Amino acid sequence: MTTTTLTSYRVAVREALREAMHRDERVFLMGEDVGAYGGSFGVSLGLLEELGPERVRDTPLSEAAFVGAGIGAAIGGMRPVVEVMTVNFSLLALDQILNNAATLLHMSGGQVNVPLVVRMTTGGGRQLAAQHSHSLEGWYAAIPGLTVLAPATVADARGMLWPALLDPDPVLIFEHGGLYNVEEPLADDAGPVDITRAAVRRPGTDVTLIAYGGTLSVALAAADLLADDGVDAEVVDLRVLRPLDDETVVGSVRRTHRAVVVDEGWRTGSLAAEVSARITEQAFYDLDAPVQRVCSVEVPMPYARDLEQAALPQPGRVVDAVRAVVG
Amino acid sequence: MLREMLRVRRFEERCVELYSAQRIRGFMHLYVGEEAVAVGVCDALDPQDAVVSTYREHGHALARGMPMESLMAEMFGKVTGCSRGRGGSMHLFDVARRFYGGNAIVGGGLPLAVGLALADRMRGQTRVTTCFFGDGAVAEGVFHESMNLAALWRLPVLFVCENNLYAMGTALARHQAQTDLALRAAGYGMVSWAVDGMDVDAVASAARRAVALVRSGTGPCFLEMRTYRFRAHSMYDSDRYRDKAEVEAWKQRDPLPALALRLRADGSLDDETWQAMEAEVAREVDAAVEAAEAAPTEPVEDLTRFVRSESAPS
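Listed in order, the protein sequences are those of chains A and B. Taking our numbering, the leading residue of the first sequence gets 1, the next gets one more, and so forth. Taking our numbering, the leading residue of the second sequence gets 1, the next gets one more, and so forth.
Simulated from the structure, these hints should not be mistaken for lab results. Hints may be right or wrong, so weigh each one.
To be verified - Simulated DEER-style distance windows between Cβ atoms:
#1 LEU91(A) with TRP274(B): 51 to 57 angstroms
#2 ALA21(B) with PRO300(A): 48 to 54 angstroms
#3 LEU91(A) with GLU290(B): 45 to 51 angstroms
#4 GLY169(B) with TYR285(A): 53 to 59 angstroms
#5 LEU91(A) with HIS175(B): 23 to 29 angstroms
#6 SER238(B) with ARG197(A): 53 to 59 angstroms
#7 GLY141(B) with GLY269(A): 43 to 49 angstroms
#8 GLY187(B) with GLU247(A): 38 to 44 angstroms
#9 THR218(B) with VAL297(A): 36 to 42 angstroms
#10 HIS175(B) with PRO300(A): 30 to 36 angstroms
#11 ARG262(B) with LEU61(A): 46 to 52 angstroms
#12 GLY187(B) with PRO300(A): 32 to 38 angstroms
#13 GLU50(A) with ARG253(B): 56 to 62 angstroms
As the list claims (entries may be wrong) - Example chain A residues on the side facing chain B (calculated, C-beta under 8 angstroms, incomplete):
#14 LEU51
#15 GLU54
#16 SER62
#17 ALA69
#18 GLY70
#19 GLY110
Being a predicted model, the structure only gives us computed values, none of them experimental. Virtual Cβ for every residue (Gly too), placed ideally from N, Cα, C.
The whole structure should be built from the sequences, with the hints applied where relevant.
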């Protein structure tokens with residue numbers, strides 16, 4: 001019988017890194033403060049002592065150079081895992097991610113693979129204000145050539161890294177900053193997970209709530225509130241933001257006939273917009289109501305707690321959106 | 001090396017004709033005048049060394065040993081091109097020869113070279129990664145980040161700055177606070193010096209010294225090649241930003257006749273050899289054009305190939 005241990009999301013990511021570095025000597029971790037400091041979110045604590053400074057590399061504050069060097073090292077036969085402190089800082093490396101990592105394979109006619117994994121923190125809710133709180137993973141999910149993952153559970157945080165490292169092409173993993181302290185029971189023999197499919201986290205019949213990363217808990221909380229009112233919500237966790245698993249999403253909507261997408265990105269041009277469009281394209285005649293979106297309010301994220309909470313998707317707003325479609 | 005420079009020169013001259021005839025499209029940046037740099041540097045490299053280049057890379061690609069046919073076919077957008085017609089003039093790749101582009105973002109190849117060198121170091125290889133870039137790249141933030149990282153980690157990178165005095169149409173003195181570029185690199189604690197980029201012997205000997213130094217494990221090296229492009233930045237450029245007299249003065253230092261003259265003087269080149277070389281290169285160019293004309297294009301059904309690898313993750 002499989003035993004489980006209550007494990008935090010932070011420890012799950014750390015164990016995935018530790019396992020990967022022990023399994024494959026080509027795997028190494030680099031980024032700002034990943035070594036001596038133990039990771040700005042404590043993810044890599046202890047790994048420097050265990051694996052040494054060659055495998056756990058502190059970098060200068062040079063996002064373009066160390067992400068680009070990760071791309072070069074991947075081309076050169078290594079399996080780098082690059083940690084970028086937050087998605088906001090990743091914009092300094094956007095040139096390397098878009099113009100090189102995502103592009104080299106195609107531009108070279110299939111010659112240059114980039115087996116790179118980039119991990120970064122995303123999301124708000126911790127009163128870190130506008131330059132540390134945005135959810136820009138939807139932008140990356142718009143880029144052909146990338147795979148974009150968003151682990152929302154401890155099991156996914158544990159299991160997504162290894163298959164990402166086996167992928168011959170670049171994979172970005174977005175870890176929501178609000179999840180690191182979340183603890184869930186994790187099987188002691190937890191291994192890799194499927195990084196191609198979305199997952200139904202809560203079955204239901206009346207409406208499909210589609211969420212990912214930091215908004216999965218928001219959708220699940222909303223589903224609990226709705227259950228009290230006799231509305232049976234299904235919750236789908238996208239897990240993979242690119243390529244999107246239309247089959248799971250559209251399959252669920254065909255059963256429930258209603259959909260609400262919950263996305264911490266800004267509404268305009270959001271991933272939620274893409275999901276909504278796909279549902280409309282593929283399941284329009286199955287819908288009993290227009291697809292609704294609950295996104296972040298279109299402001300740079302404020303510091304003050306009440307303002308920040310008002311900007312972010314909350315269970316109450318999801319419940320209101322569901323009421324509008326369930327009638 | 002004379003023959004290599006001649007191949008680059010004649011290849012590009014034919015490219016100009018084909019561009020005017022609209023057989024080659026897109027942006028095309030010519031290397032005419034700078035041939036001594038690519039040829040001299042590549043002469044100092046071993047086959048296992050890597051090269052990272054820019055959008056002005058025809059010379060680097062040929063000097064690195066890429067077949068002229070695969071280059072010409074790429075210019076034509078044909079499936080037999082080195083990048084299967086997906087790259088064009090600015091994105092030539094040949095992984096078998098460790099030639100990693102063809103990067104059209106100014107400075108975009110610098111961190112890639114740092115990473116390739118890092119991989120070599122971590123895998124215990126004694127290979128050198130050579131990174132070509134222009135004086136314009138020195139103004140990019142990623143230049144400074146890459147210099148710092150390479151020097152900090154003592155990585156085996158040979159940085160070759162082709163200082164042709166113009167970043168597109170902006171003269172060096174109008175875009176750099178410090179125009180002594182070798183001095184800039186020295187600020188990162190790496191060995192650096194300036195070389196006459198119009199003299200292929202000087203380039204080759206500097207490159208050999210630098211490659212030996214880098215291979216010995218002391219860290220990166222920086223060579224500032226003082227060179228000049230005789231033609232405009234690209235085929236779209238009307239070249240209004242510089243004096244005709246300045247161009248003419250530099251043409252007096254054309255590296256190709258300069259080397260031929262030296263070889264004649266020491267008796268290792270005569271008219272017959274020179275003419276035979278010209279004829280052989282002309283035949284190579286003709287053959288490349290003929291093959292490119294005859295080659296098929298990639299079927300449009302294959303448009304979305306190579307966005308992701310065909311071997312899916314397990």
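How the hints compare with the structure:
1. Between LEU91(A) and TRP274(B) the Cβ separation comes to about 55 angstroms, which falls inside the hinted range of 51 to 57 angstroms.
2. Separation of ALA21(B) from PRO300(A) is about 53 angstroms and conforms to the stated range, judged on CB atoms against 48 to 54 angstroms.
3. Hint check: LEU91(A) to GLU290(B), Cβ distance near 47 angstroms, so the stated range 45 to 51 angstroms holds.
4. Against the hinted window of 53 to 59 angstroms, the Cβ-Cβ separation of GLY169(B) and TYR285(A) comes to about 58 angstroms, which satisfies the hint.
5. Taken as a hint, the range 23 to 29 angstroms holds for the pair LEU91(A) and HIS175(B), whose Cβ atoms sit roughly 24 angstroms apart.
6. One distance hint, 53 to 59 angstroms for the beta-carbon pair SER238(B) and ARG197(A), holds here, with the actual separation near 55 angstroms.
7. Look at GLY141(B) against GLY269(A): about 27 angstroms separates their beta carbons, and that is not inside 43 to 49 angstroms.
8. The hinted range of 38 to 44 angstroms is not satisfied by GLY187(B) and GLU247(A), whose Cβ atoms lie roughly 56 angstroms apart.
9. Judged by the Cβ atoms, the range 36 to 42 angstroms given for THR218(B) and VAL297(A) is violated: they are separated by roughly 55 angstroms.
10. Range check, HIS175(B) to PRO300(A): Cβ separation about 33 angstroms, and the 30 to 36 angstroms hint holds.
11. The given range of 46 to 52 angstroms is respected by ARG262(B) and LEU61(A), whose C-beta atoms sit roughly 49 angstroms from each other.
12. For GLY187(B) paired with PRO300(A), a C-beta distance near 37 angstroms keeps the hint of 32 to 38 angstroms intact.
13. For the pair GLU50(A) and ARG253(B), the supplied restraint of 56 to 62 angstroms holds, since their beta-carbon distance comes to about 58 angstroms.
14. This hint is violated: LEU51(A) has a C-beta 13 angstroms from the nearest C-beta of chain B, more than the 8 angstroms allowed.
15. Using the Cβ-Cβ criterion of 8 angstroms, the hint placing GLU54(A) at the interface with chain B is satisfied: the shortest such distance is roughly 7 angstroms.
16. The closest approach between the C-beta of SER62(A) and any C-beta of chain B is roughly 4 angstroms, which is under the 8 angstroms cut-off, so the hint is satisfied.
17. With a cut of 8 angstroms, the hint placing ALA69(A) at the interface with chain B holds, because the nearest CB-to-CB distance is about 4 angstroms.
18. A distance limit of 8 angstroms between C-beta atoms decides the matter here; for GLY70(A) the minimum to chain B is near 6 angstroms, and the interface restraint holds.
19. Hint status for GLY110(A) relative to chain B: holds, with the closest Cβ pair at about 4 angstroms, below 8 angstroms.
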